[in-house]
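Visitor: Residues per chain, in single letters:
Protein chains: 2
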Amino acid sequence: MAIRKEMIEVAVASRKASRQMANLSSGIKNKLLLQMATALEAAQKQLKVENEKDLSRARENKMAPAMVDRLVLTDERIGAMAAGLREVAALPDPVGEITGMRLRPNGIQVGRQRIPLGVIGIIYESRPNVTADAAGLCLKSGNAVILRGGSEALHSNRAIGTILQQVLQDMDLPQAALQVVTTSDRDAVKELLQRDQEIDLIIPRGGEGLIRFVAETSRIPVIKHDQGVCHTYVDAAADLQMAEQICINAKVQRPGVCNAMETLLIHRDIAAEFLPLVTKSMGAQGVELRGCREACKISSELLPAAEDDWSAEYLELILAVRIVDSYEQAREHIETYGSLHTEVIVTNDYRLSQQFLREINSSVVMVNASSRFSDGNQLGLGAEIGISTSKLHSFGPMGLEDLTTRKFVVLGDGQIRE
Amino acid sequence: MAIRKEMIEVAVASRKASRQMANLSSGIKNKLLLQMATALEAAQKQLKVENEKDLSRARENKMAPAMVDRLVLTDERIGAMAAGLREVAALPDPVGEITGMRLRPNGIQVGRQRIPLGVIGIIYESRPNVTADAAGLCLKSGNAVILRGGSEALHSNRAIGTILQQVLQDMDLPQAALQVVTTSDRDAVKELLQRDQEIDLIIPRGGEGLIRFVAETSRIPVIKHDQGVCHTYVDAAADLQMAEQICINAKVQRPGVCNAMETLLIHRDIAAEFLPLVTKSMGAQGVELRGCREACKISSELLPAAEDDWSAEYLELILAVRIVDSYEQAREHIETYGSLHTEVIVTNDYRLSQQFLREINSSVVMVNASSRFSDGNQLGLGAEIGISTSKLHSFGPMGLEDLTTRKFVVLGDGQIRE
Numbered sequence: 001m002a003i004r005k006e007m008i009e010v011a012v013a014s015r016k017a018s019r020q021m022a023n024l025s026s027g028i029k030n031k032l033l034l035q036m037a038t039a040l041e042a043a044q045k046q047l048k049v050e051n052e053k054d055l056s057r058a059r060e061n062k063m064a065p066a067m068v069d070r071l072v073l074t075d076e077r078i079g080a081m082a083a084g085l086r087e088v089a090a091l092p093d094p095v096g097e098i099t100g101m102r103l104r105p106n107g108i109q110v111g112r113q114r115i116p117l118g119v120i121g122i123i124y125e126s127r128p129n130v131t132a133d134a135a136g137l138c139l140k141s142g143n144a145v146i147l148r149g150g151s152e153a154l155h156s157n158r159a160i161g162t163i164l165q166q167v168l169q170d171m172d173l174p175q176a177a178l179q180v181v182t183t184s185d186r187d188a189v190k191e192l193l194q195r196d197q198e199i200d201l202i203i204p205r206g207g208e209g210l211i212r213f214v215a216e217t218s219r220i221p222v223i224k225h226d227q228g229v230c231h232t233y234v235d236a237a238a239d240l241q242m243a244e245q246i247c248i249n250a251k252v253q254r255p256g257v258c259n260a261m262e263t264l265l266i267h268r269d270i271a272a273e274f275l276p277l278v279t280k281s282m283g284a285q286g287v288e289l290r291g292c293r294e295a296c297k298i299s300s301e302l303l304p305a306a307e308d309d310w311s312a313e314y315l316e317l318i319l320a321v322r323i324v325d326s327y328e329q330a331r332e333h334i335e336t337y338g339s340l341h342t343e344v345i346v347t348n349d350y351r352l353s354q355q356f357l358r359e360i361n362s363s364v365v366m367v368n369a370s371s372r373f374s375d376g377n378q379l380g381l382g383a384e385i386g387i388s389t390s391k392l393h394s395f396g397p398m399g400l401e402d403l404t405t406r407k408f409v410v411l412g413d414g415q416i417r418e
Numbered sequence: 001m002a003i004r005k006e007m008i009e010v011a012v013a014s015r016k017a018s019r020q021m022a023n024l025s026s027g028i029k030n031k032l033l034l035q036m037a038t039a040l041e042a043a044q045k046q047l048k049v050e051n052e053k054d055l056s057r058a059r060e061n062k063m064a065p066a067m068v069d070r071l072v073l074t075d076e077r078i079g080a081m082a083a084g085l086r087e088v089a090a091l092p093d094p095v096g097e098i099t100g101m102r103l104r105p106n107g108i109q110v111g112r113q114r115i116p117l118g119v120i121g122i123i124y125e126s127r128p129n130v131t132a133d134a135a136g137l138c139l140k141s142g143n144a145v146i147l148r149g150g151s152e153a154l155h156s157n158r159a160i161g162t163i164l165q166q167v168l169q170d171m172d173l174p175q176a177a178l179q180v181v182t183t184s185d186r187d188a189v190k191e192l193l194q195r196d197q198e199i200d201l202i203i204p205r206g207g208e209g210l211i212r213f214v215a216e217t218s219r220i221p222v223i224k225h226d227q228g229v230c231h232t233y234v235d236a237a238a239d240l241q242m243a244e245q246i247c248i249n250a251k252v253q254r255p256g257v258c259n260a261m262e263t264l265l266i267h268r269d270i271a272a273e274f275l276p277l278v279t280k281s282m283g284a285q286g287v288e289l290r291g292c293r294e295a296c297k298i299s300s301e302l303l304p305a306a307e308d309d310w311s312a313e314y315l316e317l318i319l320a321v322r323i324v325d326s327y328e329q330a331r332e333h334i335e336t337y338g339s340l341h342t343e344v345i346v347t348n349d350y351r352l353s354q355q356f357l358r359e360i361n362s363s364v365v366m367v368n369a370s371s372r373f374s375d376g377n378q379l380g381l382g383a384e385i386g387i388s389t390s391k392l393h394s395f396g397p398m399g400l401e402d403l404t405t406r407k408f409v410v411l412g413d414g415q416i417r418e
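Protein chains in written order, with my numbering: chain A, 1 to 418; chain B, 1 to 418.
These aren't lab readings, by the way, just hints derived from the structure by calculation. The beta carbon of each residue, even a glycine, is placed where N, CA and C say it ideally should be. It is possible that some hints are incorrect.
The following label-pair restraints were derived from C-beta to C-beta distances [stated by the list, open to error]:
{"hint": "1", "chain 1": "B", "residue 1": "106", "chain 2": "A", "residue 2": "335", "range": "23 to 31 angstroms"}
{"hint": "2", "chain 1": "A", "residue 1": "283", "chain 2": "B", "residue 2": "106", "range": "37 to 45 angstroms"}
{"hint": "3", "chain 1": "B", "residue 1": "349", "chain 2": "A", "residue 2": "106", "range": "18 to 26 angstroms"}
{"hint": "4", "chain 1": "B", "residue 1": "166", "chain 2": "A", "residue 2": "332", "range": "53 to 61 angstroms"}
{"hint": "5", "chain 1": "B", "residue 1": "190", "chain 2": "A", "residue 2": "64", "range": "51 to 59 angstroms"}
{"hint": "6", "chain 1": "B", "residue 1": "311", "chain 2": "A", "residue 2": "65", "range": "50 to 58 angstroms"}
{"hint": "7", "chain 1": "A", "residue 1": "87", "chain 2": "B", "residue 2": "106", "range": "17 to 25 angstroms"}
{"hint": "8", "chain 1": "A", "residue 1": "109", "chain 2": "B", "residue 2": "317", "range": "29 to 37 angstroms"}
With the rest of the complex left out, here is chain A (with noise of 0.2 angstroms):
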């Protein structure tokens, strides 16, 4: 009961501070997230002092390598956290905008006005950065906001929310608008999960089982930023030395993130001459390749697939491969198999690739680009929070004006209704 009083009243807290965060001029809001730029800088030293206590418990714990690797706080990355709060203060802000001012036929002005969604929870795991990025992207867009980190991560989380929350005090503005919960009480997700009065939307930023714990709990619209079974369609009328540079730039330049190529499939017309091509190029870059039986006929360098590698994320370097009779069968293994992230089709033949985009719904459809672009800066949005996958306010890539939504404007001069 302890811990669902503390949870109410970090939640009440953030919903008071949103209101005032709510009415910034933009003016101020990238002050604060310059002078947070600043601050974080300053504490070098100290940031590094308490991420030594997060580390040392780590390695106590035998956690793997690459995952101590995630929690490290050097200078370097100190100075990025501050870099990005310096971009996100560059970008435009969203909050104001009105658009599609109409007259109505009785005399009343009508239009939207962009708002602050009010209160954002943020669940996340490992990285410390996150907590520096998010609360930016958040307090930019006139939100406050709620910042829950891995227990791994406790000591950096709260000390880089410390020195944030001192900016926001030494500005006269709520420190409640920035909260770092680090207790270390289990159920404080899932009592902040229930707040749905005061938080507007959650986060979740991590594994898969983190992700389905906070939308199987929450009472709150929860923007889910799931897998990536990202496919390539290599059409017959494709230039196979752009599809072959696409694929291996789509797979292997960052194979851990989730816009990265997992599945490729080719066209029958091609696939003799394209897939030992592709064969050579990826196994140059040690990419194990796992076939359909067709392609395991064309190439004896492929493992055989199993139904499974279909619809895996690999996240490393490993391909599935299956060769299709066209582009309605590709199209159909997409839908069966796909998570919505993005999906590519290189070809040149102009009627299908207008049939790609219009007739696959993924939140990314791309035409002779390596799926590598799916990402916020890449597509223009500036920094992202994420990718939903989830189609529901935000589909794709998420900047500062997914974390708004819009009223209506209603400007008259005494009308009422007949």
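Mind docking chain B on chain A? Use the hints.
Guide: Relative to the frame of chain A, chain B by itself:
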């Protein structure tokens, strides 16, 4: 378990049909809606026979006359359903629109294209016209729809569904694009709300109990159409005659709907003049006034308001009245007791009107107009599927566009990421 299997079949068939519906041209979709309108009109007799079954059961069960009235299908009401479908057919199709196409520094072009949500579930009560109205909006926006009405309208809803499905079949479109769930098993809704793999959005329409049940049970995103505790704040700088007319209209023109005024806030400086004015004209319309202590001092005709009155959605001829010291106190009141639906200021103070529009973050905010305009048709959206009081995805009256989402489209020429 039988009901689970049945609902899985409904959901899977809907998902499959949604793929075909998503790619229909506007021309085909409009033709579909127009033919559905004609089919409903042609089936008046049959519809009334089925409706009579619901009505006689309702009378047997001694349903309240107001509830029975909602159930009745007359020729006029069937005509109104047909007219509604024709109206939606005439609206612009939001699907396919590409906005913000921009060239990125590396030469890829990036834009956002509007696409259907996929499968929409509507859970509603009483009025059988919702079956046709909601179906029209969902189909026009390229979605498949699953409709689950109340058991009290089972025969009427089933008959409407059968007629509309026949039109789908006649046009060689998938019948599963529109499914009416008429099993009497009460677990049907519970099972549907678990189908987050197939259903993209649930919209509950009905009383508080239904909405709360759906929101708490659903694993699918829900857009709540909750209560409207709408405020009108009459400022010291208001034109009092205008204020009187707006208040009367907002309270009595149709008291039983969510955009009717429930609380009147009056600035202290004009209370002695305005309150007797409004008391007299409200009294003439049969409105019962419940006032704060100060209001009761000014006018002896007011009953004393209890704390509950400030958050009441009366939906009848009762009005809560409070005298406030300032705009700030009015704002505080709205933030404490409001339901984020619609708030109105009556004032001739320019600066204050702007401040009200900026600071009050309900779904619709108005200056000098009746809250009764808070409706999709009045605000220029065309027909509406409801009024959302939650901020995610859609806030305020929801039209066709709110039944869609946007994907990113990327046109490349072989670009890869450095």
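Visitor: Hint by hint, note whether the structure agrees.
Guide: Outcome of the hint check:
no.	hint	result
1	106/B <-> 335/A: 23 to 31 angstroms	holds (30 angstroms)
2	283/A <-> 106/B: 37 to 45 angstroms	violated (28 angstroms)
3	349/B <-> 106/A: 18 to 26 angstroms	holds (23 angstroms)
4	166/B <-> 332/A: 53 to 61 angstroms	violated (29 angstroms)
5	190/B <-> 64/A: 51 to 59 angstroms	violated (41 angstroms)
6	311/B <-> 65/A: 50 to 58 angstroms	holds (55 angstroms)
7	87/A <-> 106/B: 17 to 25 angstroms	holds (19 angstroms)
8	109/A <-> 317/B: 29 to 37 angstroms	holds (31 angstroms)
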